[in-house]
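Using the sequences and the accompanying hints, generate a full structural model.
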Amino acid sequence: MRNPLGKALWSAGFLVLGIGLVVYAFGSHVDRTVPATNAVMAPFVVGLVMTLVSLPIFLWAIFSAVGYARLMSGKGLIARWHVTAGDWDRFRAFDQIRAAEHAWLHNDMHIREQTPPQGVDVIVGRGSTIVDGSYHGITGLGAHGREINWLNAPVDPECIEFPKTYPRGKGGSVELTLRVPVPASARAEGVRVFEHYHPKENPILNPTPARLRLEGTFSLVGGLFIVMVLGALLALMLGAPFPAFLMSDSMRIVKAPDGEEASLAGSFVLVGYFMVFGLLIAIGGLWQIKGHVIPAKARWNTVWLFIAGGILLQLVYLWINGQS
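Following the numbering used here, the numbering of the sequence shown begins with 1 at its first residue and continues without gaps.
Accuracy of the hints is not assured; some may be wrong.
[As the list claims (entries may be wrong)] Dumping the calculated EDC-like pairs for lysine to aspartate or glutamate here, alpha-carbon to alpha-carbon at most 20 Å:
1) K290 x E189
2) K75 x E158
3) K290 x E147
4) K7 x D108
5) K290 x E215
6) K75 x E147
7) K7 x D132
8) K75 x D132
9) K75 x E189
Simulated from the structure, these hints should not be mistaken for laboratory data.
Laid out in structure tokens, this is it:
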């Protein structure tokens with residue numbers, strides 16, 4: 001991804017606009033006894049679509065921007081080297097030939113049409129790399145057992161190939177390859193990167209298929225358990241029969257004297273928030289069972305997102321209560 005910070009900013013703008021339209025639609029004073037007017041439904045539909053589209057783009061871009069900044073500052077650095085303009089021209093020509101051999105050999109990196117006269121810098125860290133200013137997450141083991149690959153001479157310059165896998169909207173996955181040139185002057189640095197990501201050298205970073213299935217099973221069962229428990233809790237809050245010694249009446253929705261239901265919107269949002277992350281854990285487990293690797297950085301980013309989102313929800317809830 002090129003310019004991840006810029007993509008994070010514009011996607012954040014669309015996200016805020018989308019949420020604003022949804023809030024506006026909910027806050028509009030309309031007659032509830034008649035069907036909603038277009039003046040309310042149009043902002044709601046547009047805002048909801050903008051939110052659903054912008055949110056994954058924003059999360060992907062913000063995580064990439066943080067990873068880009070960390071790697072540029074030297075955190076988690078494994079090796080870095082420079083590719084001259086001449087070496088880069090030869091790499092570009094070879095990349096087209098290599099990509100034509102098979103669909104999964106297409107380069108995940110968009111190579112610019114014009115070679116920079118000053119050459120290209122390559123920075124490789126733990127779980128990510130920056131090539132010609134383009135940030136990419138990397139691992140040494142891809143789908144179906146594909147491993148990191150080293151292309152020796154007569155390839156000039158030599159190359160490292162990282163397997164890349166992306167989920168497909170209609171099921172399955174799309175396999176690509178991130179191909180990075182290693183000039184002769186930087187062969188020692190390239191070998192250090194290869195040894196770091198090679199599964200035989202790094203079984204923790206690149207777990208075996210059996211270990212992936214085991215971890216995936218635990219995640220799938222744990223995630224579904226969380227969803228089921230919180231779903232049951234939500235049903236009980238809505239008034240499902242349950243012993244009073246396990247759930248007090250104050251936690252249930254009851255009929256107020258005027259016939260209106262007492263509001264527990266804050267509790268619903270909190271329970272739903274945990275259910276969403278339980279579902280994400282289950283989906284991640286299923287992804288591992290199918291043989292895919294979830295980088296440790298992605299896991300930690302999800303944990304931090306969970307914590308930050310929970311704190312934000314609490315602050316919003318307190319602010320709403322203060323306004324009422």
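Could you work out which earlier hints the structure fails to respect and list their numbers in ascending sequence?
-> 1, 2 and 6
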